[in-house]
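A.B. asks: Hints given; two lone chains; assemble the complex.
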Amino acid sequence: MSAGSDKAGRPDTVDPAIELRGISKSFGHVQANKDISMRVMPGTIHGIIGENGAGKSTLMSILYGFYKADAGEILVGGERTDIPDSQAAIAAGIGMVFQHFKLVENFTVLENVILGAEDGIRLKPSLARARSLLTELAREYELNVDPDEKIEDLSVGHQQRVEILKALYRHADILILDEPTGVLTPSEADHLFRILNGLRDEGKTIILITHKLREIMDVTDTVSVMRRGEMTATVRTSGTNPQELAELMVGRKVLLRVDKKPAEPGRKVLEIEDLRVVDDDGVERLKGIDLELRQGEILGIAGVAGNGQSELLQVLGGCRSATGRIRLNGEEIDPADHALDGQVWRGRGVSHVPEDRQREGLILDFFAWENVAFGYHHAPEYQKSRWLMDNAAIRRESGKKMERFDVRPPIPELAARNFSGGNQQKIVLAREIERDPDVLLVGQPTRGVDIGAIEFIHQRIVELRDRGKAILLLSVELDEILSLADRIAVMFDGRIMGERMPDQTSEHELGLLMAGITDTASAA
Amino acid sequence: MDFLTLLQVLDTSVRLATPLLFACLAGLVCERAGIFDIGLEGKMLASAFFSAAVAAISGSVWIGLLAGVMASVALAGVHGLASITFRGNQLISGVAINFLASGLTVLIAQDWFGQGGRTPSLSGGARFNEIKLPFADLLSGLPYIGQSYAELFSGHSLLVYVGFLTVPLTWWVIFRTRFGLRLRAAGENPEAVDTAGVNVIRIRYTAIAICGLLCGLAGVYLATGLQAGFVKEMSSGRGFIALAALIFAKWRPWYALFSCLLFGFFQALSFRPDVVKAVTSLDVPGQLLDALPYILTVVILAGFVGKAIPPRAGGEPYVKES
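So the protein lines, in turn, are chains A and B. Numbered continuously in the numbering used here, the first sequence closes out at residue 524. Numbered continuously in the numbering used here, the second sequence closes out at residue 1322.
Check each hint, because a few of them may be wrong.
Claimed, not checked - The calculated BS3-like cross-link candidates involving lysine-lysine, where the alpha carbons are at most 25 Å apart (straight line), are:
(1) A:Lys-268 - A:Lys-287
(2) A:Lys-150 - B:Lys-1307
(3) A:Lys-102 - B:Lys-1320
(4) A:Lys-34 - B:Lys-1320
(5) A:Lys-150 - A:Lys-124
(6) A:Lys-102 - A:Lys-68
(7) A:Lys-68 - B:Lys-1320
(8) A:Lys-150 - B:Lys-1250
Stated by the list, open to error - Derived CB-CB ranges, DEER-like:
(9) B:Gly-1059 - A:Asp-85: 45 to 55 Å
(10) A:Ala-415 - B:Ala-1302: 31 to 41 Å
(11) B:Phe-1175 - A:Lys-287: 39 to 49 Å
(12) A:Ser-26 - B:Leu-1100: 36 to 46 Å
Read the hints as simulated data drawn from the structure, not as lab findings. Here the structure is a predicted model, which means the values were calculated and not measured. Glycine residues also receive a C-beta, built at the ideal position from the N, C-alpha and C atoms.
The shape of chain B in the complex, shown without the other chains (with noise of 0.2 Å):
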């Protein structure tokens, strides 16, 4: 295997992380304020679906954005006002959003466009197109770093940008700030926040949203970017492999671009028998590596893979001590 084969791997593996980056900082700041959402996924495909329907119909990328955000933030407040204000259960909500945005995206899709459940093909404005990176054809002549700059930093669309900020982004916010102090103390002990004088409804409720908002980008990118078009489950388990991919990264950013990393790197590998068949002189049946996401995800959900210790209070709606 040649060095461009690598690039090409990994290049692919950043695109197919990107939506699971986005989604697992999404549960991360969610959990950590101490809502479980397992409807992660749900929201994804909602956001999917209504950035691809709204950039169809528009012929603009933004403005499908903006509804899939849109989307996935009025799902999260479903989730919110069931878990946080009538306190019912967590997993429960979470799930029901997962049905429903399954449901609900193939049905209006027909209903739209009649293409069986699916959104026209999406081009031009209607896509996030990949960027080329300053100078990205002149320094690709130069070996390994100008073409690693070149095949692996540059051409991936605004949102791969964007997510890969998003990490230390999310690390400042939790860890630096005000704000991240409070939330991370509402997923250990609320009781504490509130007789600080902290509000740990208003401090969920924002969690909650900047979970929509992160699930949010992750449909737009998946739908927009990553395809060209809303197809039926498009998710396809991202939302339930990026909760893998957090309790992976131990709630924590930097460890959470990691473990998507390598989700996304597995991934990519299914795209590349052959680059297996190279590497490893064996002939792993496509069906096998097709299913080796969703493999790790079971070993490190039975905890095969360290103690990782959930916020505290996670899971369980704040009452106040009467």
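Okay, chain A solo, but in the shape it has when bound (with noise of 0.2 Å):
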């Protein structure tokens, strides 16, 4: 990987690839973007992070034509240039790859590919000349999808190959992609770079927006860092470290690792024995797992998703019911029985943060205060009398969990919807952990959080271990889980694959146990 490679010797008189101006947006009197000024040489691949909210969606949702700046100018390869809309983008040479993938999913690659950018009125003449090319760019630079494949049967990684070859099928010059590795395996993540490597090389302009300090490390040549809306700092990557950049995104220093000391794991909490889910569709989704959990540590399940993590949760939460045994400090618990609900598990002092927070976790239309008390509503401390709740006691203690779980701002008669995702994550990890709970299961405890959120939520967890409780930790970030937990169990396909200690392995024997290969040894 040629990351940081030198780029001093092109001459001065290049003009930049994309130039911006004095970019400002408001939405009503938020303001996404300040003032906003950028160069992207050609030929580089420039990253931009930030925290959630910073700006960097905005900033390239206008240059792909989705909003419209208030006041600043965009320059394409020198020329001022307007960009309406994604039309205007993409004859401007500028390509997107979204985070969530724009791709009909019933329609094959190439239809995809040619869909907006056909050459006539009938299909066959485009579908034949979309044919050769992708033939051309799989040879060139390792893009290889099956053309005739039916998008929902790819893997996301294909997938995403797919979203960059429509955009180099529209002759894209600049390529922007939005946190693009977020959904992919360590080695699907790599590959994914030697080809945005590869497209650079081709003289390629590549903007990739992402929250990974170390991909910025690893792959860009240049880097911006925004923060509430402004540009704070463009740098060469070269010159700079993991730490400035974590700094200048918060605007304070911050821990990248998990202050932690090592575990003193207890007795067993939890026991599950042969766990087996079977969904409605008849496939099987667990295929026999065990494990244990003991008290005073965290046990992090990693795994790319759909591996069959969400349904151990589920099973675990009481959303789902399995076949196979379940000892909770010693007690025998059929997970066959559908009367083993989350109330139940709760009330054994099994507290669940479900994965999708906003889909599982809260009701978004309700108040914070309410949300602070589902899943425990019937405590008696928050009955009036046989028939009514008592709900300014609800409010006054919902209010005193979000203060202390610093939810900002801490006013529990806010709908749920009105606070930003690492501050909803905090209202449901509020309500769980403030019960104090014999086991705590969490699911992504910071997908979409800002890095100062996640420092806090991290605290937090390891705090909880620190009283002696057990943690089942669940997690796509191979990040999150290596410096959280003190066990790694690896799911693939519905199976463990292998327990890892933290301190005795790496990400890339990690992400081979992930991919489904045991054979560690040889493959390392």
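C.D. replies: And the structure:
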């Protein structure tokens, strides 16, 4: 990988591929972009990092014609260019790979590639041309995908390649990728970066939006940092380090590594044997899981999304029934029992922070105080009489919990919808952790959460562990698992592929396990 | 039952399948673009009335056809306005159009002609008359092939032939053209269409206009081909049967042809209880035979006939992400 390769040899007379001058954009009285100026030289990979809500996506949406800037101008290849819609962006040679792919699921790769860029009324010539171009690009940049495969049958990594192919088919010289590795395995991500390096070497300009510092360090030539709508710095990647970038992003010193003592595992709290789940379509999602969880430890479950982790969490959270044996504090529990719902598990000291906080963790249109009470609304201290709830008490207590969890703003009377992602997550965590559970199940605790809030959430989870509680952590972020977990189990295709200790393994080894390759000795 | 009787039943099936086919293809184009339209019935009815009324007044079926199609396209425009531009609920808009057409046609008919909500009977140039294909008489003597040609293929009105030719045409447009690709994409993932730089709104309006045109032809055929004039509620649920046929056909043009023929066949049976009796040797009550197509509709809509996956973005107005 030619990380931070030197481009200083270029003459100064070359116009930047993209230049932004004084871009500003407000939504109501929220200023998303404040007087942003940026230059991206052709043939480079330029990273843009910043926390959620820092304005990265808004800026790129302006560049791709989704929003119109209130002020400022865009220069493409040195010429002032108006970009009122995506069509204009495409015409200016800008291609975008969105975080959530914009592909038609039941179309073939070819059909998706030509959609909107067909040569004429009949499809046949366009399809033929796209087919030959795809073969060419596959050879040149390792962008291989089967042109006749339907999108819904492709892996996420391949779907992403289709998005890149779409942009290249439209003659994009400038490629913007928004959080491209969020859904990829480490090896898929490496493959993507090889593709991007190849494109860069061919003279394409690449803008990479991410919140992962490591990616910035690995693949970019230059990097711009955004904070609260402003561009706080643009630096050469070779002349900076992750710590400095993190500080520029957050505006204060942050701990990148979780600060924690070695774990002191106690007695077994949760034992799982041969847990199996068959879903509604008759597909076996869990194929015999064996796990045990001890007091005072964090067990991290790593894996690419969709390999059974969600089902495991759902079973333990009481959202799904299964077969097998579960012992909680030495007591047998039958996971096939349909009466076993979230209430029962919570009553036995198992708290659950679900993976999707917006769909499973919260009711967005309800007040924060109601959300803080959910699942525990039968608690005696919340009852006024046999029939009535004591809302005033719930509100009071919610306010206190929200303050302790640094929810901003700490106002219980706001609807959950009005909080940012990180603060919504803190509301869910406040509800579950403040109940002092024996076992905490946490799914994707920091998905879409800012660095500052990640630090806070991680500290809270470690704190709970240090109080002797058992924590089952599910995360698709390998970094998070490596820094937070005391023991790591890797799931693949409904099975546990193996357990590793974080200080005795590597991202490479875990990545192989996540891809279902157990013979790590020979592969390493 | 002899061969000629069979041909007669099939011949009636073809006639009865034609309005279903037009409406079914209308729904296909519309739903493939992501717009549900339960107002097929209303559009068909409005077109039936206006084509018959204008044909009666002008004496020309062609002016009648124009009026019928225009009425249907106008109602389609209302549906488009409600469900595309104003992002309203597509089912409610469709229901409203059905009610509107049902009431308005009778009201205007009474006002114009004073014959109890019907138009005068059409004859001569005010109707689509049967077309005899070349050599039909000559070949009718030839057993089987010649008979089929003369009885089954010859002797329909122009719109029947148009209807059957619309099937390959629709297939070609939907699956082999740029417009078709974009239309299907708009019904599956409008965001993908939008980011590809194509105007989703325009595609959906075009689809709605085509839907209006085809529904219009269905209505015109009802009033000026199949029958000679408009009578109250003469579409009698055909718009809904067409929707069922569409689901049965899994939103595919060729399948639509076969499912419409099947429905047409069941409708034809109700005209020939004697045939049913002869074949099954059961004395099936006439009412049951009349109800057959509707029973089939219910069975299909209840999902007894395999899994049909509708266009994924169907029924949802497209709102640009903000």
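A.B. asks: Now look at each hint and say whether the structure bears it out.
C.D. replies: Going through the hints against the structure:
This hinted pair checks out: Lys-268 of chain A and Lys-287 of chain A have alpha carbons roughly 23 Å apart, not beyond 25 Å. Taking the CA atoms of Lys-150 of chain A and Lys-1307 of chain B, the gap is near 19 Å; set against the 25 Å cutoff, the hint holds. About 13 Å separates the Cα atoms of Lys-102 of chain A and Lys-1320 of chain B, which keeps this hinted pair within 25 Å; it holds. Annotation: proposed proximity of Lys-34 of chain A to Lys-1320 of chain B holds, straight-line Cα distance about 24 Å (limit 25 Å).
The straight-line distance between the Cα atoms of Lys-150 of chain A and Lys-124 of chain A is roughly 18 Å, inside the 25 Å bound, and the hint therefore holds. Restraint check for Lys-102 of chain A and Lys-68 of chain A: the C-alpha separation of about 21 Å stays at or below 25 Å, so the hint holds. Simply put, Lys-68 of chain A and Lys-1320 of chain B have alpha-carbon atoms about 14 Å apart, close enough for the 25 Å limit, and the pair holds. For the suggested pair Lys-150 of chain A and Lys-1250 of chain B, the alpha carbons sit about 18 Å apart, so the restraint of at most 25 Å is met.
One distance hint, 45 to 55 Å for the beta-carbon pair Gly-1059 of chain B and Asp-85 of chain A, holds here, with the actual separation near 51 Å. Between Ala-415 of chain A and Ala-1302 of chain B the beta carbons are some 39 Å apart, a value that agrees with the proposed interval 31 to 41 Å. Between Phe-1175 of chain B and Lys-287 of chain A the Cβ separation comes to about 40 Å, which falls inside the hinted range of 39 to 49 Å. Distance hint check for Ser-26 of chain A and Leu-1100 of chain B: the Cβ-Cβ separation is about 44 Å, which falls inside the suggested range of 36 to 46 Å.
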